[in-house]
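Trainee: Working from the sequences, and respecting the hints, build out all of it.
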Amino acid sequence: MFDKLYGEVGQWKGVSASATKTCVVFITAKTFLVVKVMKQALQLKFVLPEESDEFPIYKRQLYGKKAEHYIRLHDEGDLDKDVIRLLRKSYVFMNA
Numbered sequence: 001m002f003d004k005l006y007g008e009v010g011q012w013k014g015v016s017a018s019a020t021k022t023c024v025v026f027i028t029a030k031t032f033l034v035v036k037v038m039k040q041a042l043q044l045k046f047v048l049p050e051e052s053d054e055f056p057i058y059k060r061q062l063y064g065k066k067a068e069h070y071i072r073l074h075d076e077g078d079l080d081k082d083v084i085r086l087l088r089k090s091y092v093f094m095n096a
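Per my numbering, the very first residue in the sequence shown carries number 1; after that it's consecutive.
Treat the hints loosely; a few may be bogus.
Claimed, not checked - With a Cα cut of at most 25 Å, we get these calculated SDA-like pairs of lysine to any residue:
1. K66 to K89
2. K65 to A96
3. K81 to G64
4. K21 to E50
5. K66 to K39
6. K66 to Q40
7. K39 to K13
8. K13 to D80
9. K65 to K21
Unchecked claim - The calculated label-pair distances, taken between Cβ atoms and stated as ranges, are:
10. K13 to K39: 31 to 39 Å
11. G64 to I27: 17 to 25 Å
12. D3 to E51: 28 to 36 Å
13. D82 to K21: 29 to 37 Å
14. A41 to G10: 15 to 23 Å
15. C23 to E76: 14 to 22 Å
16. K39 to K65: 32 to 40 Å
17. S52 to W12: 14 to 22 Å
It should be emphasised that the hints constitute simulated quantities derived from the structure, not laboratory data. Glycine included, each C-beta is placed from N, C-alpha and C at the ideal position.
Mentor: Below is the structure:
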């Protein structure tokens with residue numbers, strides 16, 4: 001599942017990935033995506049300029065003028081065009 005995510009997001013211009021002890025961060029000018037590997041899922045955390053309650057977002061948290069959003073992917077089918085679109089919005093927002 002992570003390979004599919006990396007294959008998609010890693011192709012975007014200027015994106016690099018860095019692993020820490022607990023997660024993998026995707027960076028351009030700033031970090032736009034944090035991936036935490038869990039037992040049964042991948043947890044994605046990304047930032048948008050405003051709160052969104054679109055499916056499959058399950059949690060939101062405000063930080064100043066930004067809103068963190070969380071999605072859990074349980075299998076490769078969960079990484080669909082809607083998730084990619086949300087991650088792309090975060091990528092564009094954090095590059096602005």
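Trainee: To test your reading of the hints: which numbers does this structure violate?
Mentor: 3, 4, 5, 6, 7, 9
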